[in-house]
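K.L.:
Chains D and L are the protein sequences, given in the same order. Quick note on the numbering used here: the first sequence kicks off at 5 and runs consecutively. Quick note on the numbering used here: the second sequence kicks off at 1269 and runs consecutively.
Be aware that a few hints might be false.
[As the list claims (entries may be wrong)] Capping the alpha-carbon separation at 30 Å, the derived lysine-lysine pairs in BS3-like fashion look like this:
1) K165(D) x K1354(L)
2) K1282(L) x K206(D)
3) K206(D) x K1521(L)
4) K226(D) x K1282(L)
5) K1352(L) x K198(D)
6) K281(D) x K236(D)
7) K1354(L) x K206(D)
8) K353(D) x K331(D)
9) K1352(L) x K47(D)
10) K1277(L) x K198(D)
11) K1497(L) x K1487(L)
12) K227(D) x K1282(L)
13) K226(D) x K236(D)
14) K206(D) x K1352(L)
15) K1282(L) x K198(D)
16) K1457(L) x K206(D)
17) K48(D) x K1354(L)
18) K165(D) x K1521(L)
19) K1460(L) x K206(D)
20) K48(D) x K1352(L)
21) K1502(L) x K1450(L)
22) K1521(L) x K1497(L)
23) K198(D) x K1457(L)
24) K206(D) x K1277(L)
25) K47(D) x K1354(L)
What the hints contain is simulated information worked out from the structure, not anything from laboratory work.
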Amino acid sequence: MAQKRVLMKGNEVIAEAAIRAGCRNYFGYPITPQTEVMHYMAKKMVEAGGNFVQAESELAAINMVYGAASAGFRAMTSSSSPGISLKQEGISYIAGAELPAVVVNIVRAGPGLGGIQPAQGDYFQATKGGGHGDFRNIVIAPASVQEIYELVVDAFNLADKYRMMVMIMGDGTLGQMMEPVAFRDEEPIENIAKPWAACGRKGDDFHHTITSIYIDPDVLEKKNIELQEKYKIVEANEVRYESVCMDDDPEIVITAFSTCSRISRNVIRQARDMGIKVGMIRPITLWPFPSKPIAEAADMPSVKGFIDVELNAGQMIEDVRLAVNGKKPVYFHGRMGGNLPMQKEILDKIVAIHEGTLKEGGIV
Amino acid sequence: MAVVFEPTKGLTDKPFHYCPGCCHGIIHRLVAETLVEMDALETAVGVASVGCTYNSYEYLACDMVQAAHGRAPAVATGIKRNLKDKIVFTYQGDGDLASIGTAEIVHAAARGEKITVVFVNNAVYGMTSGQMAPTTLVGQVTTTSPWGRNPETQGYPINVSEFLSQLPGAAYVERVCVTDFKNINAAKKAIKKAFTVQQNNLGFSLVEVLSTCPTNWGKEPLAAMEWLKENMQKQYPLGCYKGADLVFDENGKYVSGSIPATNNNCVNVAEVK
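With the sequences and hints as input, model every part of the structure.
P.N.:
Now the structure itself:
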């Protein structure tokens, strides 16, 4: 493994990692704060011999991804929250047609046009569907530029393996921050055959069709059940999370992903300096959600309670509460509108939990 | 016994779901026969759209991708950029192409995307039961223009071939119909020319085919054909709107004629000294 480290922006690393992962199709539409993904692709994707198309809209961009993926080629698009809302039509079709694709959401604050500062208000949209119909996407939330690189490469493999869309969910902070990143000499690209692809009949005595329409209700129900069976396999095999300071009987467990987990990591140290044993479970896959380690933490006698930290009014906390299942209290700290929590805000709540003075609840 | 006629291999055995007197059957066959004659059935990829044409992916025997409403040109773009030497085409109705898919069709043409669009215009939404389409004629009664299309509140029909032919990226645009043998042959020739334009990388190509919808027009099949000739052809005159001067040799190789690369009248600031 090459250990030469280079300083790069999160958004640029998304693009670089995709090209390294063998993706040769980028279709996008400008939006802040994911702009650098597109800028990088405009040059580097073309230099890599791939396709870069600045589409006329987010709808067109996701449907270009749909087309390229239908023909069996690795393809991606990137956007930010309002643009991802537009892409939801195509995302649902991608799920229905079982196409591998990678979509990046560098989340900004909403609702509506909202603002261009970081947020995590798209958690529900990303993990609970977003588009119409019963479907799931794998949702991956990196927390550093190095992790962006590794997880984007993995995302393309997972997409091909399961014929599913994989969303890389970051936020404005992660996309804009510069950090050192060490690239591998060779990427672990899994070359998965795509005999289903519509790229010419290739001598088969049937034509390949890519579709999400099944007019017969029995056929459509069967198709839906097949999808749910696939999602079960993904849930069983692809959960990823990080445990931080969970081995020495922590009293309070933070749950946080991406940017919030970075802020929380410092709070753990500060709390421990004050004699409060705090640990953290950081979901890396937001779907499938790491319910099991959270449930196990809820069963630990040392754990008095959880505190969920998010850049929203409390979205992932619903999944945390489901996993905790009423065994321990789950407190919340969130900031909205593009603001980030200060370490002290979280620390103060941890102290209050420790003293037994904090009430459970949401942002208000 | 000598075989004098057999169905084209370009169509699957699946029975059409189209209504009696609908032109989709004829147009499907023309596309299918052309692919076979150009030896492209094994390599071409088609994109079906939404509306009565949704199921064309089941009927055409080449590889087919079913797209969301209006998005077929974007889907075809994604395919064609990866399969540069294959024929990639969309098959779209007028609600799909000229209403919900206006952005996609305009920009595919503007980019000079090397795809072919078979655009079937029957002046009405067929599948959803006869609503007013962007191509509905002024005064035409539909389920959503019960007193006839009123320009005051419902605007005017869109002449797709005329406006797309204004875009430099469009290399070939022709409007045809399939009301009789002569026109059917002309339509097939246009489809073949459009595919040939694509094979020569000359730019975007579109064949608009005027079509009947007896069911939603409330007419017998023959009366519908007459209505098409008397009314639709006046609003939508047949003819070649772009690329009439394109000449190909017997092998389909480009010989001469106006193409976007040499005849686009665009200011090129890179060349301005």
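K.L.:
Assess, step by step, whether the Cα of K198(D) is no farther than 30 Å from the Cα of K1457(L), and give holds or violated.
P.N.:
violated (35 Å)
K.L.:
Sort out whether K1450(L) lies within 30 Å of K1502(L), counting only the CA atoms.
P.N.:
holds (18 Å)
K.L.:
Starting from K226(D), check that the Cα of K236(D) is at most 30 Å away, please.
P.N.:
holds (15 Å)
K.L.:
Please work out if K206(D) and K1352(L) have their alpha carbons no farther apart than 30 Å.
P.N.:
Measuring from Cα to Cα gives roughly 16 Å; hence the hint holds.
K.L.:
Hey, K1497(L) versus K1487(L), does the alpha-carbon distance stay inside 30 Å?
P.N.:
holds (14 Å)
K.L.:
Take a quick look at whether K1460(L) and K206(D) sit within 30 Å of each other, Cα to Cα.
P.N.:
Satisfied, since the Cα-Cα distance of roughly 22 Å is no more than 30 Å.
K.L.:
Is the hinted pair K206(D) and K1521(L) satisfied, with a Cα-Cα distance of at most 30 Å?
P.N.:
Roughly 25 Å between the alpha carbons, so the hint for K206(D) and K1521(L) holds.
K.L.:
Regarding the pair K47(D) and K1354(L), is the alpha-carbon distance no greater than 30 Å?
P.N.:
holds (26 Å)
K.L.:
Assess, step by step, whether the Cα of K281(D) is no farther than 30 Å from the Cα of K236(D), and give holds or violated.
P.N.:
Violated - the C-alpha atoms of K236(D) and K281(D) are around 35 Å apart, more than 30 Å.
K.L.:
Need the status of pair K165(D), K1354(L): alpha-carbon distance at most 30 Å?
P.N.:
holds (27 Å)
K.L.:
Below or equal to 30 Å on CA atoms is what counts here, so check K1352(L) against K198(D).
P.N.:
OK: K1352(L) and K198(D) at ~19 Å, within 30 Å.
K.L.:
Can the restraint linking K1282(L) and K206(D) be considered satisfied, given a maximum Cα separation of 30 Å?
P.N.:
holds (21 Å)
Of the numbered hints given earlier, the model fails hints 6, 18, 22 and 23; all others are met.
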